[in-house]
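Dock chains B, C and D against chain A, hints included.
4 protein chains.
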Amino acid sequence: MAAMEKETARIEAFSDGVFAIAITLLILEIKIPAPTSANLTAQLLRQWPSYVSFAISFAFIGIMWVNHHRLFTHIKRANSALLFLNLLLLLGVTAVPFPTAVLAQHYGGSGQRAAAILYHATYFVIAIFFNVLWQYSSRHLLGKDADVSAAAGISAQYAVGPLMYLACIALTWVSVPLSLLLNIALAVFFAFPPRARR
Amino acid sequence: MAAMEKETARIEAFSDGVFAIAITLLILEIKIPAPTSANLTAQLLRQWPSYVSFAISFAFIGIMWVNHHRLFTHIKRANSALLFLNLLLLLGVTAVPFPTAVLAQHYGGSGQRAAAILYHATYFVIAIFFNVLWQYSSRHLLGKDADVSAAAGISAQYAVGPLMYLACIALTWVSVPLSLLLNIALAVFFAFPPRARR
Amino acid sequence: MAAMEKETARIEAFSDGVFAIAITLLILEIKIPAPTSANLTAQLLRQWPSYVSFAISFAFIGIMWVNHHRLFTHIKRANSALLFLNLLLLLGVTAVPFPTAVLAQHYGGSGQRAAAILYHATYFVIAIFFNVLWQYSSRHLLGKDADVSAAAGISAQYAVGPLMYLACIALTWVSVPLSLLLNIALAVFFAFPPRARR
Amino acid sequence: MAAMEKETARIEAFSDGVFAIAITLLILEIKIPAPTSANLTAQLLRQWPSYVSFAISFAFIGIMWVNHHRLFTHIKRANSALLFLNLLLLLGVTAVPFPTAVLAQHYGGSGQRAAAILYHATYFVIAIFFNVLWQYSSRHLLGKDADVSAAAGISAQYAVGPLMYLACIALTWVSVPLSLLLNIALAVFFAFPPRARR
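Chains as they are written, first to last, in the numbering used here: chain A, 1 to 198; chain B, 1 to 198; chain C, 1 to 198; chain D, 1 to 198.
So that you can see chain A by itself, here it is in the shape it has in the complex (with noise of 0.2 Å):
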């Protein structure tokens, strides 16, 4: 049990890894204009979807690796499940670049609506792991003394997810920038930690 317990700080070192070289990566999205052309100024200006989705994705990353931190100040210990759990929730974070690209290249453009349901399904998704991973590890592995209204507000908390990127989805058929703002303000709201619920 106690080398179960070890592999507690073993998860959270990877997955720190994995998030340190997501969050990393995103810079490579940005293309550095071609130094033939007359006027850099406007070129540069002209990229800032890019610019935008990059801010906006290392605020997301950044906010789903202090909500994975949070998850594992309760989680006590681990098992084979908790380990596949992970990756799978791992396997949504490292996706972000891809989607993100799409919509800082289309944004716009005659495929907008298509690549923000992209975009917003991504996350979707990802709210889906983090409850399935939650779900799991608060019933299981959480510690004697574990603090259960705490726990009870990361649940009530991440619930919310699915059902909200699902609302993002439809919110594109309205108003594609209405639907990314309603996007922005999940990750506000995940951002900070829940209220305890008793």
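Worth flagging that the hints you see were computed from the coordinates, not collected in a lab. The model shown is predicted, which means the values in this text are computed figures rather than measured ones. Even for Gly, the Cβ is constructed at its ideal location relative to N, Cα and C. Hints are not guaranteed to be accurate.
What the hints assert, rightly or not - Simulated restraints, written as ranges between beta carbons of each label pair:
#1 GLY108/B with ARG113/D: 41 to 47 Å
#2 PHE189/A with ALA34/D: 40 to 46 Å
#3 ASP147/B with SER149/A: 36 to 42 Å
#4 LEU45/B with VAL188/C: 49 to 55 Å
#5 ALA9/C with LEU166/B: 54 to 60 Å
#6 LYS144/B with THR73/A: 31 to 37 Å
#7 ASP147/A with VAL188/C: 56 to 62 Å
#8 LEU142/A with PRO193/C: 29 to 35 Å
#9 ALA55/D with ALA55/A: 37 to 43 Å
What the hints assert, rightly or not - A few chain B residues that face chain A, going by a derived Cβ cut-off under 8 Å, partial list only:
#10 ALA20
#11 LEU142
#12 VAL160
#13 PRO193
What follows is chains B, C and D alone, placed relative to chain A:
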């Protein structure tokens, strides 16, 4: 000797870094459709082999990471041979993105079988490296209180690997999709811990 | 509270990962000359701005890493604000490869001044982030036995940063090479630990 | 002083991160053949210099990692000089993928000798950095119970490096393949720990 035992933790930390990076780099292989094109959804859907290969490679590297840790719960000492055998294994792990990308781009085309053979051959070589690392470690580097039956269980499970990946290569002449299904089945087989042997 | 103190070590480990990746990705910005061309030596020499910018960016990220550690030898506690201020700083650090590559490719061309302004502006923003992180931490998160004069020395050194990087931007209208020399001089200034103040 | 001793562990962890990333990025240099072409097997085989250079670079960075750890088993204290000498060494390590890719793409072509000189020169510079780091550390930063004869053995082994890599450069005028064989032989020489000297 104490310094050598500390080395085990260092080898694990370095290996964790390599696994974390290899698993995160996979997303870079997925191409972002150019914004000039008419229908983004169709373009995104046409890339399905890239998504499948991303998910499968992620799962495979994840499973190899789980196995690497499983071995190092038994390995208690380190020497130069372990250092180099471990580097050999990591060489195989970091190479995975290349055959995966080749397979994703050539699946369904004329180079499909050659790509599948390269893919299976990579896992064949990795399986050999896992066996060599474990055969050496289990004979020379286990602790005094080693769980002999658990170690024998790992040996038995790993011995199956190289032969089965050879079978995958042979199967490509019958059916490439079938050979890939066997490859996936093998990953599932290695995801589960072996039964202890007496 | 004990859990919060452990958080400091985690933030450092995560930040170390981000610094390590950002510093290692720099080499990817250097292009490999195509093998079709006649004279490889001439081609390699023509790329000298890329090598200079690689070396300088490496030094700068290295110096920022040294400074980050210097701060965290004083910071003894963690809270949500530190988590997000630290993420903000890392956002700046991971962005460095982009303005560096733009400068390397446009140095000597018509976009030279715009590229230099973008470059200095990045360091201006990073300097602001360093100040905000340190001002907050030095007021709220130092240990009871904090070295007050050392902390004051850091505050004094960092306060210089934003103003000097603004001076770099202004200098680009006089001479771009001169502004870059000032930028390098600033890096050397921040490489050395500040004198303690009373 | 205790804080400074803890610094040694931090420098190692950061360096491990850089080594892990540098060794994992190597695979990105191998190009994936385009799916339009007729014969994939022939295309894959034609790329053999890329595979050889991947394997060799992997081995070389692995051997440098082993050497880095060997040094840090002796180094017990840290100061600003060590911080910067270590960053200098890491600069050399992260640069390795560039000369390696240049050599892989120009081997057998007209730029072959220039590429080989660049390649050997990189290792010449790294050998200098290893010597400077070790000469400084072995004089100022060893523990009180330092193994003097082991340290002298490392000094003797490392002193050979710069001269031999100069010999590699000179050999390119006789035969490029021969110079590369000497380079590989040197890597094997540094892979093994030195004999203790009295």
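Results for each hint:
no.: 1; hint: GLY108/B with ARG113/D: 41 to 47 Å; result: holds (43 Å)
no.: 2; hint: PHE189/A with ALA34/D: 40 to 46 Å; result: holds (45 Å)
no.: 3; hint: ASP147/B with SER149/A: 36 to 42 Å; result: holds (40 Å)
no.: 4; hint: LEU45/B with VAL188/C: 49 to 55 Å; result: holds (54 Å)
no.: 5; hint: ALA9/C with LEU166/B: 54 to 60 Å; result: violated (47 Å)
no.: 6; hint: LYS144/B with THR73/A: 31 to 37 Å; result: holds (35 Å)
no.: 7; hint: ASP147/A with VAL188/C: 56 to 62 Å; result: violated (49 Å)
no.: 8; hint: LEU142/A with PRO193/C: 29 to 35 Å; result: violated (44 Å)
no.: 9; hint: ALA55/D with ALA55/A: 37 to 43 Å; result: holds (39 Å)
no.: 10; hint: ALA20; result: holds (3 Å)
no.: 11; hint: LEU142; result: violated (14 Å)
no.: 12; hint: VAL160; result: violated (20 Å)
no.: 13; hint: PRO193; result: holds (7 Å)
Checked against the numbered hints listed earlier, the structure breaks hints 5, 7, 8, 11 and 12; every other hint is satisfied.
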